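The residues making up each chain are set out below.
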Amino acid sequence: MTITEKILAGHTNKKEVVPGDFILADVDLALGNDITAPTAIEEFKKAGGKKVFDPEKIVLVPDHFSPAKDLESARLAKRLKLFARKHKIAHYYELGRMGIEHALIPEQGLVSPGNLVVGADSHTCTYGALGAFSAGIGSTDLAAAFITGKCWFKVPETIKLVYYGKLPKWVSGKDLILHTIGDIGVDGAHYKAMEFTGEVIKNLAMDSRLTMCNMAIEAGAKNGIIAPDEITYEYLHSPLSTLHSLFKSDPGANYAEVREYDVSKIEPQVAFPPLPSNSKPISRVGRVLIDQVVIGSCTNGRISDLRTAASIMKGKEVKVRTIIIPATQKIYLQALKEGLIETFIKANCVVSTPTCGPCLGGHMGVLAEDEVCISTTNRNFVGRMGSPKSKVYLSNPAVAAASAIKGRIAGPGK
Amino acid sequence: MRMQSKGRVWKFGNNINTDEIIPAKYLVTSDEKELGRHCLEDVNPEFPGRVKKGDIIVAGENFGCGSSREHAALAIKGAGISCVIAKSFARIFLRNCINIGLPIIEKDIFRFCKENNLLSIDFKKGIIENLSQKKKFTMDKFPQFIQEIIQNGGLMKWVKKNIR
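As you go down the protein sequences, you meet chains R and S in turn.
Numbers 1 to 414, taken from the numbering used here, label the letters of the first sequence in order.
Numbers 1 to 164, taken from the numbering used here, label the letters of the second sequence in order.
Simulated from the structure, these hints should not be mistaken for laboratory data.
Check each hint, because a few of them may be wrong.
[What the hints assert, rightly or not] Simulated crosslink set (DSS-like; lysine-lysine; CA at most 30 Å straight-line):
# : chain 1 : residue 1 : chain 2 : residue 2
1 : R       : Lys51     : S       : Lys160
2 : S       : Lys157    : S       : Lys114
3 : S       : Lys107    : S       : Lys125
4 : S       : Lys157    : R       : Lys81
[Stated by the list, open to error] Part of the chain S face toward chain R, derived, beta carbon under 8 Å:
#  : residue
5  : Val9
6  : Phe12
7  : Gly13
8  : Asn15
9  : Asn17
10 : Thr29
11 : Ser30
12 : Asp31
13 : Glu34
14 : Glu61
15 : Cys65
16 : Asn96
17 : Met156
[Unchecked claim] One side of the interface only, derived from the structure: several residues of chain S facing chain R at Cβ under 8 Å:
#  : residue
18 : Glu46
19 : Arg95
20 : Leu131
Remember, predicted model here, so these are calculated numbers, not experimental data.
From the three backbone atoms N, C-alpha and C, an ideal C-beta is built for every residue, glycine too.
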């Protein structure tokens, strides 16, 4: 079996599962945010739900329209808070402790290798970086999970993606995943698991691993996954578990497809609007003038992303409005201690409290007609960040920072 | 679930994403009628104003890709659409439709439909008919497990019956 099949089987009463099986699996963690959870709470009430299956296994994070952008979003967040209070939800994060869910939850150590996590947010696939099976679901799915602690799945086939060679400077997990999506397309991994492997992944830092699994959904995947190893356990501050050998694919596991990538040939990538699959190497981007830069999100708002951006901006000034969003309070504080925030402010950037905000055109950096943004986020769909006439380009933090300095899309140089 | 539907065709292409189906600025409500008033407005500004109850969406590949927002399925339902027929659906969107009881059919009939054609669907017999072009198509049934959820009237009702 593959690691994905093993984890799914382990959460049912079956010894083995094969792709195509329908299973009802126990969930270790069920997650909702201020957009999706209120609908789930409504369904929970309509179904006569009185008690949640386990208040320790539910996570509620008001991160999308938070701090409340208007009266309606304040009401959504309030419904989250009241539900959390009533059901004694252990992991409810009020503003001040709140961070962008997919950065916060790994940081809080809520996910362990071998876990099965569901979340009413498509980027829930992020936690595959910790060796968990983790998939996005809808609000009604979440309501059912609140009541039963279970979720139905069709066991996915797996695509194995093998990365080898020497990673060039400025090429990160973001570039590997944009390149991969560019290769297979936005439905290249439709309903499937994406298993990231190879010598490059083995040595890849956790932040980059989280970025890669985060964007598995942009290829249509059910989940992205990386077998847990020393880097995983070091990140989780836990000793290398004896269990960890259980969570890797068998040598004879069946794959729908195997693809190999020589990373030494991969440049920093830029995904052109309106699809994440429109990725091009930075050398082939040409002249693209920009109005805004966003560095942050569940994809690239972690400390290493901010360090990279600051290293490029230090001592310089940006030419266009630039919004920096540390993904959690802990990341924000760490960036402050390291002097990164000072670097950003001296470069004339705006630094915001953690929020999903501009990534989905919510608030804190919405685009007007004909404006162009380069962003370290995950989607560049039509109208994603505001006006349907605006344009979004996706990149890693180094390219975004270099572009902010130049006022046009630019690589970070040598 | 209704066993038959009949309506005019609205065509949409490949990779129609949930941001296009319902932009994030409208996600402050989950009222399906209100969401329906803005459904797909950035792709076809005429759609929300002119769609009629019972109309049918015919689309290409990967319909509903992107975010997990159930509001996308709710908006389409709220707009009055009786069924979405697409070559393929993105997985979370597919779950959401099944869970809330919005009929969907995975079938590639895009080439065989023109905008505003009259379609009729017999879910029981598994037949889609383009009445304007006098063409008939058979549809595949969903796997047994999914059919059970649909026949129970959505996930929450299925949960009540099977788990509690």
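Do the hints match the structure? See the list:
no.: 1; hint: R:Lys51 with S:Lys160; result: 14 Å, holds
no.: 2; hint: S:Lys157 with S:Lys114; result: 37 Å, violated
no.: 3; hint: S:Lys107 with S:Lys125; result: 15 Å, holds
no.: 4; hint: S:Lys157 with R:Lys81; result: 26 Å, holds
no.: 5; hint: Val9; result: 22 Å, violated
no.: 6; hint: Phe12; result: 12 Å, violated
no.: 7; hint: Gly13; result: 12 Å, violated
no.: 8; hint: Asn15; result: 6 Å, holds
no.: 9; hint: Asn17; result: 5 Å, holds
no.: 10; hint: Thr29; result: 7 Å, holds
no.: 11; hint: Ser30; result: 4 Å, holds
no.: 12; hint: Asp31; result: 10 Å, violated
no.: 13; hint: Glu34; result: 11 Å, violated
no.: 14; hint: Glu61; result: 6 Å, holds
no.: 15; hint: Cys65; result: 6 Å, holds
no.: 16; hint: Asn96; result: 4 Å, holds
no.: 17; hint: Met156; result: 4 Å, holds
no.: 18; hint: Glu46; result: 14 Å, violated
no.: 19; hint: Arg95; result: 6 Å, holds
no.: 20; hint: Leu131; result: 31 Å, violated
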